[in-house]
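Visitor: Here are the chains, one letter per residue:
Number of protein chains: 2
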Amino acid sequence: MANITKRVSWSSLCEDRAPGEGTALLDDTPGARRCRRQEFSGGSLFRIGRLSTIDLDEEVTSKEETLKQPNEIPHNEKLLSLKYESLDYDNIENQLFLEEEGQMSPMGFKCVEISRWVICGLIGFLTGLIACFIDIVVEIVAAYKYKIVKRYIDQFVVEGGLCASVILWAILNSAFVMAGSLVVAIFEPIAAGSGIPQIKCYLNGVKIPRVVRLKTLVVKVFGVICSVVGGLAVGKEGPMIHSGAVVAAGVSQGRSTSLKKDLKIFEYFRRDTEKRDFVSAGAAAGVSAAFGAPVGGVLFSLEEGASFWNQMLTWRIFFASMISTFTLNFFRSIYNGNPGELANPGLINFGQFESGAYKLYEIPIFICMGAVGGVLGAGFNALNYWLTIFRIRYIHRSYLQVIEAILAAAATATVSYILMYCSDDCQTPGEHQAVEYPLQLFCPDGQHNSIATVFFNTPERSVRNLFHNFPGSYNSLTLFLFTFTYFFLACWTYGLTVSAGVFIPSLLLGAAWGRLIGNLLTNSGVSIFADPGKYALMGAAAQLGGIVRMTLSLTVIMVEATGNVTYGLPIMLVLMTSKIVGDYFAEGLYDIHIKLQSVPFLGWEAPATSHSFTAREVMSSPVMCFNRTEKVGTIVDVLSNTSAKHNGFPIVSDFTTNEPGRICGLILRSQLIVLLKHKVFVERAQLKQRKLLLKDFRDAYPRFPPIQSIHVSQDERECTMDLTEFMNPTPYTVPQETSLPRVFKLFRALGLRHLVVVDNENRVVGLVTRKDLARYHLGKHGLEELQLAQT
Amino acid sequence: MANITKRVSWSSLCEDRAPGEGTALLDDTPGARRCRRQEFSGGSLFRIGRLSTIDLDEEVTSKEETLKQPNEIPHNEKLLSLKYESLDYDNIENQLFLEEEGQMSPMGFKCVEISRWVICGLIGFLTGLIACFIDIVVEIVAAYKYKIVKRYIDQFVVEGGLCASVILWAILNSAFVMAGSLVVAIFEPIAAGSGIPQIKCYLNGVKIPRVVRLKTLVVKVFGVICSVVGGLAVGKEGPMIHSGAVVAAGVSQGRSTSLKKDLKIFEYFRRDTEKRDFVSAGAAAGVSAAFGAPVGGVLFSLEEGASFWNQMLTWRIFFASMISTFTLNFFRSIYNGNPGELANPGLINFGQFESGAYKLYEIPIFICMGAVGGVLGAGFNALNYWLTIFRIRYIHRSYLQVIEAILAAAATATVSYILMYCSDDCQTPGEHQAVEYPLQLFCPDGQHNSIATVFFNTPERSVRNLFHNFPGSYNSLTLFLFTFTYFFLACWTYGLTVSAGVFIPSLLLGAAWGRLIGNLLTNSGVSIFADPGKYALMGAAAQLGGIVRMTLSLTVIMVEATGNVTYGLPIMLVLMTSKIVGDYFAEGLYDIHIKLQSVPFLGWEAPATSHSFTAREVMSSPVMCFNRTEKVGTIVDVLSNTSAKHNGFPIVSDFTTNEPGRICGLILRSQLIVLLKHKVFVERAQLKQRKLLLKDFRDAYPRFPPIQSIHVSQDERECTMDLTEFMNPTPYTVPQETSLPRVFKLFRALGLRHLVVVDNENRVVGLVTRKDLARYHLGKHGLEELQLAQT
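Order-wise, the sequence lines are chains A and B. Per full-length UniProt numbering: the first sequence = residues 1 to 791. Per full-length UniProt numbering: the second sequence = residues 1 to 791.
The shape of chain A in the complex, shown without the other chains (with noise of 0.2 Å):
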């Protein structure tokens, strides 16, 4: 995933520029105190060959530097990579779009409205299948391992050489890690994690590649059940929502390039809008799966992703979601053997807590709860960022990755094995508490160790153990024990190189805690304080708050993981709290891991204090623009170069060597690339060539080839390309004074992926782009622009 790369410092360059300056109305000196940047650097033509070469000759530069200092920190936030591309979310309603809406009748477009219908319905249902699959063959392989290392620890506590199971636990556990990471390290690198920063970056509109291939998911899958039946302190339920949105993003394009199988069908959808909307849906699937919270799920679709709400789109979202829920819960209810019975609708379930149980006095703990999450997770994220950054460093290489991961595992099953060892906490199950693999190690007969029923268990069900055993199952000294190690534990797992998630481990974690808290208040002699179970809840929603920092979408997440309404309030108190803690101190991880990949990623609004920014200052200059009729040399020229690669060109109209042109359209790379491949040349116009459809750029979309893969004749490069037919003939345009914020609003409300910056003549003088505005970013000390950087 990560390379190591050079830092390029393009710091030095900009120095000479001052923010807020250069905002006179009438000024037509487009860029003029601004840095050349390499996205778009190339100009008008004739401009090309100078920079280009300056751009190679860098190129080299920096290759012969990555050899020398390859202890160099390639990565940090204060970087944005422009390796990455973006997704086009705004549609392109050229000629040949609109002749095809024109033709299609309301009847048409209520079968596309079907087919959305069915397509959802297809997502869900696929996802809840996925899930499902995921959950019970967890379910069946751990079972199997916790019988045969009880049954070796049972009978070598009675016969002594208790060294030996641990080396045998160890060893199983080690084995399916890495079995896990291997297929993980060697097919595809970007299913490690839990893939939610993946899935955010591409609903902001990031293109990350090789996310939602169906290989991804395959290995995702496996993967995931490796690191859980593995014992780590991971999760399945985060690698639900990357596995919805891998499902969503297959069936809804009809086609798998992995299976190398074009179904012909939904091919209106395959395009960027259409395919994120389905996206979406699986996102939503998946947290709808994972935790029996479908409108959780549409929710985290919505926070996540959605420029623009919809109702409808919502609406089909939440469809997703519920077949999703719902398929996870009749297939399941059937493996259990009681079809039709719909309880449990999530992998992970809360278990029913008493209504309204809480009272008001116990608001303002929950609030401290909150904030001890937010440092907790504070903490949390930092030491798993520098570990990051160490990994990026010296881990970048596969086999280390898997001997880490296997290393993971080894170690956890002896931290687990000491933790138990070393506990006298011995328990007397409870009626109602059956537990399933009890071990007896050190305790007196009829009783079993209280930390070894965490460890053997799934984190599942050892959440909802801590939710709901009663009070005095465990004592203080075992959960700060737990605490303790876990914290280290999960924070060395994610990261590593394999499929799992981070929900679970931190749900457990505060869980833990907030037993503990549950437990000295219990003990402090108040007989107001009588259940621990609520504190752990609310441990747990502080620890996920401190260390993913989600907003609504996690209260509502949790609220419907407890199952009951009343607990509302105090789980966003305390998320609300344990946030605003957290952002103190440092990020929160999905964010953390996404500035270290420096991927451009755009927040809500522009920085508060950006309004004295203009549209003249944030934009790429100058420009690469077309003609409507270019020659076909100019324009495979323009797209082999590859220290400037451009992706969108607008077309103008009296284009001159001296000034820019008026703006009548904007083309994009993949476009051009399409019609180069059917040489639509204005001379072979009479070679009765059949004309261009929609279609042929559907069928090439969305792995459009590289320009060095179409073979251009020197015949054919003085023909001529009429573009007017594909180019959209009204992308958005804004004019130079427009303040950041105002563009910002635009570039986001829409979904674009190119802004046009005119004058007061609608001639183009820049152009912005995502990693434009992605630059402007608010730190501790004001206004900071990160750093562009072909990592």
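Any given hint might turn out to be false.
Pairs count within a copy or across copies, as identical chains cannot be separated in the list.
[As the list claims (entries may be wrong)] Below are the DSS-like pairs computed for lysine-lysine, each with C-alpha atoms no more than 27 Å apart in a straight line: (1) K264 to K691; (2) K261 to K207; (3) K677 to K695; (4) K780 to K110; (5) K110 to K745; (6) K83 to K645; (7) K695 to K679; (8) K645 to K631; (9) K110 to K78; (10) K631 to K677; (11) K691 to K631; (12) K695 to K110; (13) K677 to K691; (14) K207 to K745; (15) K695 to K631; (16) K745 to K695.
No lab work stands behind these hints, which were simulated from the structure alone. These numbers come from a predicted model, not from an experiment.
Based on these hints, arrange chain B on the given structure of chain A.
Guide: Only chain B this time, still in chain A's reference frame:
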């Protein structure tokens, strides 16, 4: 609310217009084939004289016609009223604004953010308090009324002369309703009804006069208490949404016009954008208090209002909702004598349903019930539509409206009485089912009349009883008769001049026929259908969905009120079916009323088949423009022109009489009014006049004085005004070839009020406003154009 006025037919004027034509890229004849419309008929200055004369003539004619033909139908849904103004949800980023933002420190922005949270907390608190007040007053007064009536009925049953008790009951009810209706009709007619359509319009961006005033709130609260106590078929839930919105508008602006009090706080929020955000929070808090559904409340606000999803805003709205539920819950717990018992979050509570108590084979039955709900809902809406037309034509005087309300109250009491009298459905109260006011009537001792419990209870209790009373509590004939009569009563009641909502009557109606279906299934002898209560729930959902046609938010509201997440899937399926079936026959109730008011309401997307329309055809043209520096006399003349009430004026440079000028800004009527009021003339700049600040605009917001109230002397008319500093220098623009869906998306996503259409040299050729977009709508026979009229 609805005055009789003449329908001006513009269709004949527009006949020469062929949709879809004129899309050639370089056609520079703006609006060549376009009919002139009133709103922006002014055009460039020199044309005003002529056009306004025509318009004034027309005005005179129309007045004469109004007098001649009072019986012509003034309202139908093919009409769009020009009288409604729009709200401006796009920030006016003029120099003053940018200067102010520039001077604010990051700390300042934090303070603003904190005050936003404080305001939202206050909104939630006050909304909860109002809900609590209404609830408790209704309970006390209704209990008193029931006691009196019950005593008399019991007495007369023994002594004979039951007629007297009916009359007593009818008179009591009528008295309450009369009080409520009088207050509404005399003091604030906008407080009639549930207020939901009005709030929908507000959030959509339409200015409904007087809708968020304190006086409206007071009348609403008094009115709703009277109508609920008066025994009408109404609920107090809908009005809570309106109340919340009013609270929000008042608190966030820090002043009240009704009280003539300005606290001089929160001045930063005195603009449409910010106010809208708070009103969203208020509406959400209202829903939350009404149904104990904080998430549902957030979704309601988003579904109706939010054009652009913003994480922090949503989170704040949720906070307000939570606080509101909590406040209501807390104060009610004190009233009920269990302070701190937080188990009943909303005004209505569906009670606890057994978890996962439905089976797979019941889902088809639920879906069929959804279809029934859709049909019944459509019938209800169609009937109410005709009734409303009738009311608009004949019952438009206050005294008639009050008389109608009194009649409805008397009729409700009488019909209820006849139902009770004819019913021989006697029930023995169950162990867990205390009946508060059991009416024995002609039942044996120890039993009570079953139908009387429905009428001698607040409708909320009746709904809960229908959900939870044990099987056999109601016999099928009773339920059928109740459904039949209540259907017509509820339909008559909605639209009366009283403050009242339609949620509870719909739920009650649906619960009744749902329970009837449940009864029939239970009696069918198939043992698997044991519990009629859940059918009552599904019936309630189906009926409500069939009437109001809300989607996601209603599902979540129902699920939250049920308190059981597992009922999510069947509720969603039921609501979906009822919406699809209902939409086939008639529109939703709120939409019907919005259309009958001819409000220019914008949907989520442009009609699917409207891609062939371009901005050129949609826009109003020619446009009234100003120069950067404009003569005061000209401005006053333009603003005073009553026939063409322009609200936004593009500022152009190079303005000649021959061709349109280049856009360089946009200024609003309200801004010009403030400038004229403060006499910001270039010639006065030497007089050391203080510089106009944003504060001056905020002080005038939102009720800017009419131009007639501003005196401009003949000398002053010769002065000039420099608009540069005050105009929005970067209005959003689109080229003429932009398709309607694209214009629509931009307009809707950014919450615009004016969108300037320019040619390829950036010259102003037209202006798109809300009414231009709202005109296009997808009817049964494809795309239809609504007519514009000064109703």
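Visitor: Which of the numbered hints are not met once you compare them with the structure shown?
Guide: none
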